[in-house]
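Enquirer: Single-letter residue listing:
2 protein chains.
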Amino acid sequence: MGYLKFKVTAKEKKCRARTGILRLRHGTIKTPELMPVATKATVKALSTEDLNELNAQLLICNTYHLMLKPGAETVEKLGGLNKFMNWKKPLATDSGGFQAFSLGLGMEHGTGKMAKYFPGKSSQNPDTKRRIQKSTASISDKGIEFRSVYDNSRQFLTPEKSIRIQEQLGADLILVLDECTSPLSDKAYTKNSLERTHRWAKECLEIHNTDQALAGIIQGGQWKDLREKSAKYIASLPFDSIAIGGSLGKTKADMHKILDWVMPHLPENKPRHLLGIGVVEDIFEAVERGVDLFDCVGPTRMARAGYVYTTPKEGNVKNKFKYKITSSKYKIDSSPIDKNCKCKVCKNHSRAYINHLFNSNELLAYNLASYHNVHFFLNLMKDIRKAISEGKFLKLKKEWGIK
Amino acid sequence: MGYLKFKVTAKEKKCRARTGILRLRHGTIKTPELMPVATKATVKALSTEDLNELNAQLLICNTYHLMLKPGAETVEKLGGLNKFMNWKKPLATDSGGFQAFSLGLGMEHGTGKMAKYFPGKSSQNPDTKRRIQKSTASISDKGIEFRSVYDNSRQFLTPEKSIRIQEQLGADLILVLDECTSPLSDKAYTKNSLERTHRWAKECLEIHNTDQALAGIIQGGQWKDLREKSAKYIASLPFDSIAIGGSLGKTKADMHKILDWVMPHLPENKPRHLLGIGVVEDIFEAVERGVDLFDCVGPTRMARAGYVYTTPKEGNVKNKFKYKITSSKYKIDSSPIDKNCKCKVCKNHSRAYINHLFNSNELLAYNLASYHNVHFFLNLMKDIRKAISEGKFLKLKKEWGIK
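Chains A and B are the protein sequences, given in the same order.
The first sequence: position 396 = 396 (my numbering), numbered continuously.
Remember, my numbering sits 1000 above the position in the second sequence when you count from 1.
Treat the hints as calculated values from the structure; they're not laboratory data.
Do not take every clue at face value.
What the hints assert, rightly or not - Think about it this way: if two alpha-carbon atoms lie no more than 20 Å apart in a straight line, the pair counts; the simulated SDA-like pairs of lysine to any residue are: (1) A:Lys77 <-> B:Ser1328; (2) A:Lys329 <-> B:Gly1079; (3) A:Lys77 <-> B:Ile1332; (4) B:Lys1257 <-> B:Arg1016; (5) A:Lys83 <-> B:Ser1335; (6) A:Lys30 <-> A:Asn316; (7) B:Lys1320 <-> B:Asn1340; (8) A:Lys69 <-> B:Ile1332; (9) A:Lys329 <-> B:Glu1076; (10) B:Lys1069 <-> A:Ser360; (11) A:Lys331 <-> B:Thr1074; (12) B:Lys1014 <-> B:Ile1402; (13) A:Lys89 <-> A:Glu76; (14) A:Lys329 <-> B:Thr1074; (15) A:Lys342 <-> B:Glu1049; (16) A:Lys331 <-> B:Asn1086; (17) A:Lys7 <-> A:Lys386; (18) A:Lys382 <-> A:Arg289; (19) B:Lys1331 <-> A:Lys224; (20) A:Lys13 <-> A:Leu396; (21) B:Lys1069 <-> A:Asn361; (22) A:Lys320 <-> A:Trp400; (23) A:Lys331 <-> B:Gly1079; (24) A:Lys347 <-> B:Arg1016; (25) B:Lys1077 <-> A:Ser328; (26) A:Lys191 <-> A:Pro267; (27) A:Lys11 <-> A:Met263; (28) A:Lys224 <-> A:Gln168; (29) A:Lys347 <-> B:Asn1086; (30) A:Lys347 <-> A:Asp333.
Extracted from the complex, chain A is given alone in its bound form (with noise of 0.2 Å):
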């Protein structure tokens, strides 16, 4: 067992949604809570400055990437992962299962989020692009099989190298390799992977033998029995914390169902976390259904395509809750970005200004959009804690316009 402890402080009654303290090593994390994505050790266009000013508690950081730059044995010799990107808060990896997905199945499928588009500044990088089109991942009983996208070198990521990998990188919670179906694989191939990741699970369990938090994850598709299975599963061993993998099916009906098949079977004093999951609508409904912890890389992924968050009744469902800063129809606009929010970018600087950053290919554009759109999420997720522990959740969410 890993140095973990939760404690749920406040439910609301007429749902899951529920507010939680979570200890880890380096501090404590008020739920539910957005993590933001530091892939390669940095949330990308934001300083560890920018992320203590905007109060994020927990950031999640990307065993694949950072295997094989600047690899495990570096950040190891470098003191680990907080102290290498000077991080004080506490700090997650994930297990690499997911790059088995968007490398691999993700790929051929067309579903994966990497086979449909690069933004930000290695998408311009034609070489980069070409390189990681044609690499795949394949998966055996045994582990992933990986192709580098840095140098096409391969690479074999069992479960126990996956756990000595995130041991060396040193988070405060980490994750077991596990196979993240694709919503096209059938329910045959899901089985099977199933049964595979449940093996890999228990596996990584008896390796780990550091403490750091590690977190089972739930898989199973689109199906009821795979899911309730993975869900039983997973909550009867010893986990600290517990995930929840996709693919969640094709719709936001399929997801909502495959929630409310899962939570009944989880325990109410392990932290619950979707992993991957960042839209403003999928994450009321998620911390309605109980999810404790989310992360995505949308805010700043988004940032860098030059979408900006807005708060209602500007952002909507529809759109959102985003819009093109890029648009010329903000050249001459001096408002700022949401006037309903308080963030340093808003304060100080005006669409137009940023429409003009965008426009001019100036680095500042990704900061400062970053910036605005990771105090987007995290603010929700202050007020979504705040409505919880008034009782007021269902109130929210319905004020955001989400039925």
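Model the placement of chain B on the given structure of chain A, informed by the hints.
Expert: Structure of chain B alone, referenced to chain A:
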């Protein structure tokens, strides 16, 4: 006459080095000082918060770029440059004259900075590169004709238009339109050009009617008689400030000579701005000869190319006080960029981390390296001011290994 007050506060005995207090509409600047360049209304990769933390006293923006994007009228409608970019301290703009050189003769002669290399983001866009290389500028007695780097549209800048645009942009200190000749221009060309530059200087002075301070520019290439003539002429006109423009000859010795020719003819009570110079050695040599103000894109441009500055002994004249942080030798180096540096980046981050950020194309790399480099130069200027006030400038110069 615009709003500018300048007072010399200390003078060295064995050279022309001096400290001063320069008052502009938005505040007070201690000289000698280097102004970070905010080409397109942003110092690349830095926020105005960063620049406030760094105690930057004065920034300079680029008229050529801003007249094209977002346009001087847009900036004016949005309340002027200070408000547009949320910079509350003094601001300068250049006249567009330097671009006549860098996009015209500089390009043809292969001596312009822009003809040589394009570090940073924009360089990675092959379209931008192609367009810039095809663009040219040509000069006549009426003004400078440019091709826009953005859309290849024809642009015409006259002395009057440059002043009007700079009035719309609204900086505290503005510059007359001049022609910056190439080091390869012959004496006949330079003499003719100088006469035109002088006519334009007078025209700008007569046209200008706001409280923005106006600086005249001394040209004359590498010829003693032309430089002396220009110094005397510009000094004879009621400019608020005096700038010395390049080309400053072909060698460092040429630059020293030019400053030695010019300085005796300049009034004590006006600030002297050496345009576009920002190499450590040159700063010492120019301060020694009586220069008060510098501006240079070097600190941030070098940062984006992966070069970081460092103080003696690690930094020296031979390595130009910088080294390449992207080198593999820094991969597991847990020391800061510069052991003697007290900036936020050196306090918080290792060479290894910054090396990783650069090698991973992470945007934070540009911010951290730019922050350190600007700190390096502003701190150097602070040390220079302190040394002069204590009569120890030549001692400091020697400590930096500059003969």
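Enquirer: Please go over all the hints and tell whether each is borne out by the structure.
Expert: Hints, verified against the model:
1. Annotation: proposed proximity of A:Lys77 to B:Ser1328 holds, straight-line Cα distance about 15 Å (limit 20 Å).
2. For the proposed pair A:Lys329 and B:Gly1079, the alpha carbon gap of about 18 Å is at most 20 Å, so the pair holds.
3. In summary, the hint linking A:Lys77 to B:Ile1332 is supported, as the alpha carbons are separated by about 7 Å, within the 20 Å threshold.
4. Proximity of B:Lys1257 to B:Arg1016 is assessed by CA-CA distance (about 14 Å); at most 20 Å being required, the pair is judged to hold.
5. With a CA separation close to 12 Å, the supplied pair A:Lys83 and B:Ser1335 stays within the 20 Å bound.
6. Straight-line distance between C-alpha atoms of A:Lys30 and A:Asn316 comes to about 26 Å, which puts the hinted pair past the 20 Å bound.
7. Distance hint between B:Lys1320 and B:Asn1340 is fulfilled; the C-alpha atoms sit about 17 Å from each other, no more than 20 Å.
8. A hinted pair counts as satisfied when its Cα atoms are at most 20 Å apart, and A:Lys69 with B:Ile1332 qualifies at roughly 12 Å.
9. Distance check on the hinted pair: A:Lys329 and B:Glu1076 sit about 17 Å apart at the alpha-carbon level, within 20 Å; holds.
10. Restraint check for B:Lys1069 and A:Ser360: the C-alpha separation of about 8 Å stays at or below 20 Å, so the hint holds.
11. At roughly 8 Å between alpha-carbon atoms, A:Lys331 and B:Thr1074 fall within 20 Å of each other, so this suggested pair holds.
12. Between B:Lys1014 and B:Ile1402 the alpha-carbon distance is near 16 Å, which keeps this suggested pair within the 20 Å criterion.
13. Note on A:Lys89 and A:Glu76: the hinted pairing holds, with a Cα-Cα distance of about 18 Å set against a maximum of 20 Å.
14. Note on A:Lys329 and B:Thr1074: the hinted pairing holds, with a Cα-Cα distance of about 13 Å set against a maximum of 20 Å.
15. About 16 Å separates the Cα atoms of A:Lys342 and B:Glu1049, which keeps this hinted pair within 20 Å; it holds.
16. With a CA separation close to 16 Å, the supplied pair A:Lys331 and B:Asn1086 stays within the 20 Å bound.
17. For the hint linking A:Lys7 to A:Lys386, the alpha-carbon distance of about 16 Å falls within 20 Å, and the restraint holds.
18. The suggested pairing of A:Lys382 with A:Arg289 holds, with an alpha-carbon distance near 17 Å, which does not exceed 20 Å.
19. About 48 Å separates the Cα atoms of B:Lys1331 and A:Lys224, which puts this hinted pair outside 20 Å; it is violated.
20. The straight-line distance between the Cα atoms of A:Lys13 and A:Leu396 is roughly 15 Å, inside the 20 Å bound, and the hint therefore holds.
21. The hinted pair formed by B:Lys1069 and A:Asn361 meets the criterion: a straight-line CA distance of about 11 Å does not exceed 20 Å.
22. Note on A:Lys320 and A:Trp400: the hinted pairing holds, with a Cα-Cα distance of about 11 Å set against a maximum of 20 Å.
23. Taking the CA atoms of A:Lys331 and B:Gly1079, the gap is about 13 Å. The hint holds against a cut of 20 Å.
24. Using a Cα cut-off of 20 Å, the hinted pair A:Lys347 and B:Arg1016 is violated, with the two alpha carbons roughly 45 Å apart.
25. About 15 Å separates the Cα atoms of B:Lys1077 and A:Ser328, which keeps this hinted pair within 20 Å; it holds.
26. For a cut-off of 20 Å, the pair hint linking A:Lys191 to A:Pro267 is broken: about 24 Å separates their Cα positions.
27. Proposed proximity of A:Lys11 and A:Met263 is supported: the alpha carbons are some 15 Å apart, at most 20 Å.
28. For the hint linking A:Lys224 to A:Gln168, the alpha-carbon distance of about 37 Å lies beyond 20 Å, and the restraint is violated.
29. Taking the CA atoms of A:Lys347 and B:Asn1086, the gap is about 10 Å. The hint holds against a cut of 20 Å.
30. The hinted pair formed by A:Lys347 and A:Asp333 meets the criterion: a straight-line CA distance of about 14 Å does not exceed 20 Å.
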